[in-house]
Amino acid sequence: MKWTCEQTELYLTDYLDGALADDLRHAFDAHVNACDRCTPLVSGVTHALSGLRALPELETPPRLVYNILDATLGPRETVTGWAAVRAWIRGVASPRFAYGSLSLAATFLMIVTASGFNWKKPRLADLAPSNIYRNTNRQAHLAYARGTKYVSDLRVVYEIQSRLRQDNELPTNNEGTVPESSPQKEPGRTDGTSPSTPRQQNRANDANPSLQVLAEELPVLSTRLCFVLSEGRTR
Amino acid sequence: MRRHSRRIFNICYRFTGNRTEAEDLSQDVFLRVYRTLGSYRSAHGGFATWMTSVTRNLLIDHYRRTKRDRITDSLDDAMPVVENKQSSARRPDEQALLGELSQQVQSALTRLSPELREAVILRDLQQLEYSEIQTVLEVPEGTVKSRINRGRIELARILQQMGVRPS
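Protein chains in written order, with my numbering: chain A, 3 to 237; chain B, 742 to 908.
A portion of the hints provided could be inaccurate.
Cross-link-like lysine to any residue pairs, in silico, SDA-like; alpha carbons within 20 Å at most [claimed, not checked]:
hint, chain 1, residue 1, chain 2, residue 2
1, B, K886, A, E8
2, B, K886, B, E870
3, A, K4, A, S52
4, B, K886, A, E11
Read the hints as simulated data drawn from the structure, not as lab findings.
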């Protein structure tokens, strides 16, 4: 098909919109690729189109809508004096505003309290940013230390419980076996106490060092642990 | 109204290239729509198309009214384009280049004749169908296609004259 530069200009929009039939499109491409005049024309129009489509959609100026409303429906009534105050209170008294204000106040109270502010003896210096930062930092470290200690205590208690449970679950057929290294097994005992069974003696020997360490680590349980230790020794 | 006001404001701005004029014209459009709302019939097409017709008529009126002012200002208008062209070498950032290209395209758009400009704006910026543009411009579809085609080619030529070339 014989194709001319005038035809390129004529069909350019259809070509760019993808509305050109296949045979015409092939002829168009063949001519544009070979023509020094049409190649820059097509690339220039494609570039212009991409520039046009990249133009951003502008936001409406804020006053435009109000100006339109004023121009069509007339200017709004301006409220002054007590009527304006009443209108303001009516707007503020909405449930949504009240809920939002309460939430904001609660959040503020929590943050100030967490920062170590003393409500009984309030000082302006406590509200200084550097003091708030220092107090918050200290409170955070204290909370972390308490948490760590609590978890550690729990771990120790569970360890003791699991160890006692293991001892209680030992099979009864081992009751008569006596370890050779046990000092309680030695004959000639003269302290007047009735010798305990070898199993009980072994348990006391194993538990004592652990309980001593526990008593040092865990002051809360020290009274009870001292009792357990003394009981172990009397056996 | 907010949806329509944004669309109308964008059409006005792209046609005039001036924010204040676009704002005033948008306001005039809504005022005229408000006054002539009784004359709207669904046979004229959708409400948005009818509003676009009102906008177009106002823009053409405004163009004719301010034609004399524009002729005297045309020499002043050419200066910022030259300055933009010179400053382009100092701004390698892609976003800045894109913003500059937008400015240049907007400047080229306002140099098109009003018939071609309105056709290009409605087709390539507002993405209207040919049938809708035909309703707005009140010309046959063949004329619409021809104006869009000539408008695009003319825009590419103006951009080339401004030194904006495809990379």
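Taking the earlier hints as the rules, which of them does this structure contradict? 3
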